[in-house]
Structures are given as structure tokens and as C-alpha cells.
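Dock chain B against chain A, hints included.
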Amino acid sequence: MDWGYIFSVTLQSAFGIEAIVFGLMAIGLNLQFGYTGLLNFGQSAFLAVAAYSLAVLVTDMGFTFWVGIGVGLLAAVVLALLLGIPTLRLRADYLAIVTIAAAEIVRLLVRSVALKDIFGGSDGLRDFSAGFYALNPVTVGQYSLGPVSLNQDKVFVLIVGWVLVVLSLLMVWMLVRSPWGRILKGIREDEDAVRSLGKNVYFVKMQSLIIGGVLGCLGGFIYALGYQNVGPDFFGTDTTFFAYAILILGGAARVLGPLLGTIVFWALIQGTDVLLRSGIDAGFPLVAWMSGSQAAVVRYIIVGAGLMLLMIFRPQGILGDRKELALDAR
Amino acid sequence: MPDSAPELGPRAIASRQILADVPRLAGVRKPDPIVVADGIIRRFGGLTAVDVERVEIQRGAITALIGPNGAGKTTFFNLLTGFDQPDEGHWSFNGTSLSGMPSYKVARSGMVRTFQLTKALSKMKVIENMRLGAAHQQGEHLAKAIFPFTWRPQERAITAQADQLLARFNLDAKRNDFAGSLSGGQRKLLEMARALMCDPSMLMLDEPMAGVNPALTQSLLGHITDLREEGMSILFVEHDMDTVRHIADWVIVMAQGRIIAEGPPDTVMHNEAVIDAYLGGHYDQALTTSGVSFTEEATS
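Quick mapping for you: the protein sequence lines, in order, are chains A and B.
Residue 44 in this note's numbering sits at position 44 of the first sequence; the count goes up by one each step and never skips.
Residue 1297 in this note's numbering sits at position 297 of the second sequence; the count goes up by one each step and never skips.
So here's chain A without its partners, still in its complex pose (with noise of 0.2 Å):
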């Protein structure tokens, strides 16, 4: 076994861009549901309307990439408002009903074929990344970090992504130290306790909603340009999925615990992955039964079950504070 490759695949994968798109996601969601409460399960859309408007802007009507990225933002903020509009009022568990159909809504309207014009439909849009890397300062050739080898436009892809994640982790850990992060906390908690003490709990309510749907929305810009490319398939819901398994791995309200579990959980990943394929390649009674399609399977068992075993013996995640959460909801 290659133990070099395996351990430069896990690298790649820890720090590589869907650890970036994934922590961005989780990183708004913390917010939103570590911090407040809410139970945001479209957050792949506020991904897919960034994305795509960045896309539609560029590649099908010409504009520059920056009036994209203005755009994407200001689609972000928008989804957030019709989400949250009719849904702060009531339960929280309304807003999950809503966010998880309207991200679905988004997901089939850019795939369908009436739209495939504007949207790409299954396919998808690209060409629209060439102003994002006319912007790199990064020289043209080779770079390796270790064993890992990046050309000069993923390693533009990758800075931009990580400086971005450190930006909005600074911004998070700002925001829920002061009297506003309060309110969140104590909304959390007990919203009318809140609205008792004269706090618009319905307007806090909106702007972490807003906030964490707009640092979502820069994972899709990062997944877009990355990839150099959108499709619709990556804005389903398993990605949202994937985004709370990694903020409840970390530990949830935890400023750090979306960056620590989008780097563990894509090494994880990845690592398993690559593993076990050596494992078969090796020749390794164990594994050498499975092809490599179904080590592909297999290793989402294996980290399913280890994140089954990690809320059964440290529920609160890698970050959280047990004592806090032991204490009953009352």
C-alpha cells in the first residue's frame, strides 16, 4: 500500500474545495441553527441561487463576473426574506417544512427542460469563470504543497475559498460575542422569554437568517468557480445533509466547529475512500472481496456509523461543551 498517496488524497480532500464549499454551508447554518435555532434545511438553495446567478449573469447574458457575484448575493438575501417572511412567526419547525420544499422548487426549476435555455437543465451552464481567473495573481505553472501538486488556478480557487472561511468564521465569532449574539442565544432557547424583555425576536429572527444564507451563498459561489461549472444535481438535499452532519461534528454552536468538521469529515471521506481502494488493490483478504463501486458504498457506512457512535458518546460533537447541553431545556 501506497501510504504516501493515501495520505496526500486525504489531504487534498481535507483542504480541497468542497471542504471549503461544505464549511462555508456549515458555517451559516451554525448561525442560523447552532446559534438561533433555526432549522434551515434549504440551505443548499441559498448555494444554488448564488451559483446559478452567477452563471446565468455571465455566461448567458454577458454581464462581468463582479455584477454575478452582486447579484448572487442580493438573490441570497432575497430567498431569505420570502423564506422567512411568512415562516418567523410561527414554529420552528415551519421552517424547515418551507426551506426544505423551496430548495427542492429551486433544484428542479434549473434543472427543467422548459428552462433549459437560461438554466443548462441537467447539464448545467460554464464559461462563466474566465473573470474570476483573470483576477489571479498567482504565476502560471506547478505548485506542490508535500505530495500535494496544484496548478496556479486551484491554488487561486483555494486561497480565495479559505480566506473566505476565515473571514466569516472572524465574522460569526464577532457577531455571537455581542449583545445581538445574546439575543440569538436566548432565542434559541425560549423565544417568548425574549420577546418578554423587549427584544423584535421576528426582525433577530430574519437577520440571522439572512446572514446565514448569505454565507451559504458563498460556498456556491466557491463550488461554482471551482468546478467551473453548475449543475443541479450538487444542489439536492443530501448537500444540505452533509453540511449539518459536518456543523453537528464539529459541535454546534461552537464558532470553530464548522471549520474543525468540514476538515475532519471530508478527510474522512476521502480517506476511507482511497483506503480502501488500496486495500482491494493490495489485495487485502478483508476488503478484497468489494470492487471499487462498492468501496465507494462502503465507506459511507463506515463514516455513517462512526457519526452514529460519535452522538451516542459525545453527542455535543468534537467542539461542543457536554455540560451545556445536559442541562434540560427548561
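It cannot be assumed that every hint is accurate.
[What the hints assert, rightly or not] Per the computed footprint, the stretches of chain A lying under chain B, defined by three or more beta-carbons under 8 Å from a beta-carbon of chain B, are: (1) 167 to 176; (2) 180 to 187; (3) 287 to 298.
[What the hints assert, rightly or not] In silico DSS-like pairs for lysine-lysine, Cα to Cα no more than 30 Å straight-line: (4) B:1144 / A:185; (5) A:323 / B:1174; (6) A:323 / B:1125.
Hints are computed from structural coordinates only; laboratory data are not their basis.
All of these numbers come straight from a predicted model, not from anything done at the bench.
Using N, Cα and C, we set each Cβ at its ideal position, and we do this for glycine too.
For chain B alone, kept in the frame of chain A given last:
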């Protein structure tokens, strides 16, 4: 509970003197009302939970709202504080109309409530619970939240105020504990102290003594009477008649959604309608001599 009433402060004596001349009638006008409610009706489907023609609550006094279970006390409370909206009626607080106003604005206008099932925020520290109560913290605006220098000085002042209140309510030792680790009575104290962080002019206490041990009840009662001496108007819902007799200046009695009697505690407790409401009519007559047989009573 000791039988003797606690010593009355000057404000208590003053408000009792003022209320002494007020007729003992349901819906009677008060000399200086802080709350005036008119024609409040709240229906849940076919059930009329609250139907209050008129009620006034005297400023600077402790008013008790009593009544048997299901009388509509808590519903009426929710209506006054904006947590529920009535089907009909209007009411004002300090001269401003509160009709249709959302609960957070009611709280900002100075009428702050507590809850029957205590709502201490368990996963927040005691001191954070207190800070959350503070009104006008600039850092609660999103735009200012990320610039700590815009709210830090105010936060220090709020913390100082919170620490003072915690000391007053004997919670200073628990300052840095999670509110979830407090006992039931301490949570009631915390909820009251937190409400005071909003600088209210009127406190609405929904069963402040429910589930609190007798020793802590005494301390809670002491705090409530102290607040009256500071000029606070207080309306509280209570079941325990002893408690009401000890601290209330005026009692309003509700039954089946209506206000059936008003007056100072001693008068109200001997009111026929009140006794009927609590114990049912004919409570003091033996079934055999009441003129109706047991089966007839049950089927009627």
C-alpha cells in the same frame, strides 16, 4: 406562613388610603389608573375565555388578580402584555394605547411580565440572563454588534446594574453559573431581577410564588413590597389567599372570563360571589337539605 402582615411602608399606606375610598365594585374607576382596559373579549372557538367589560389598575399599588382555575387570568395577562391579541376591545398603559401592539413593544413601553412556567434561559449564565434584559443596548443592533467599541462602555454599565440587582436578589453567588443549575425558586428570583433590567414602570407577575418553598416565598414577597416602595406598579396572579392578603392593596377577582368582584383583600374574601366562584354555590349546605337530590345536581 406567619399570620401577621408585614410592616407597611409609606407608599403602601398611601396607596391603601387612596384605595380606601374606591367603591367595591367590579370595573370601578380608580383615582390614578396606570392600566385602563375596555371591552376585552377573547374567544377560542366557541369558548369565551375572557370577557372583561372594564378594568382599571391603580398606579403604584400592588394589585392581585385571583380566581379559580380556568377563570381566564393568564389569558387576560397575555392579552394585556401583547402575547395574545383579543377579538375585541382596547386598552391603554400610561395613557398610550397598547391595542394591537406586539409584545416586545409593550415591554419597551414599560410593562414587563414574567411567566407562570419560569422562563429562565437555562443554557445562558445567570449574568448573561441579566444582561439580556437590559434595554437600549446599542450592541443589539447588527451594524454596531461587530464593532465592540460601540457597545463595550454601555455593557460595563449594564453589568454593574446587573450585579447590583443580583446582590439584591441574593443571586450574586450564582453569577457565573448556568441558569439551568438554579433551583425553581431561584429561577423565579432571576426572572424578576431580569425583568427589572428593562427599567419597567409596571411589573406583571404570573404566579410568582408557584412552586417556591415557604422560606423563599417570604423573600419574594419582601422583594415585591420593596418594589412598591420604589414606586413600581405591580399586577400579579396568585392562587394562595394568604399571600394575597399579606401584600395586595387591591384584589380583582375573575371567574369564567369575567371580573366578578374588586376590593381590598379583606372585603373581597367575604364577598358572596367570590366564595361562590371558588367553592361553587350551596357549598355550605348539606346535600339532603339543599332541596335538590345529588343525582339531579349532577345531571343539571
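Status of each hint after checking the structure:
1. Residues of the segment 167 to 176 of chain A lying with their CB closer than 8 Å to a CB of chain B number 3, which satisfies the three-residue condition for coverage.
2. Only residues whose C-beta sits within less than 8 Å of a C-beta in chain B count toward coverage, and the segment 180 to 187 of chain A has 6 of them, enough to reach three; the restraint holds.
3. Note: the segment 287 to 298 of chain A has 0 residues with beta-carbon separation from chain B under 8 Å; the three-residue rule is not met and the coverage is violated.
4. At roughly 18 Å between alpha-carbon atoms, residue 1144 of chain B and residue 185 of chain A fall within 30 Å of each other, so this suggested pair holds.
5. A hinted pair counts as satisfied when its Cα atoms are at most 30 Å apart, and residue 323 of chain A with residue 1174 of chain B qualifies at roughly 16 Å.
6. Between residue 323 of chain A and residue 1125 of chain B, the direct Cα distance comes to roughly 12 Å. Compliance with the 30 Å bound is thereby established for this hinted pair.
This entry does not satisfy hint 3, going by the numbered hints stated previously; all others are met.
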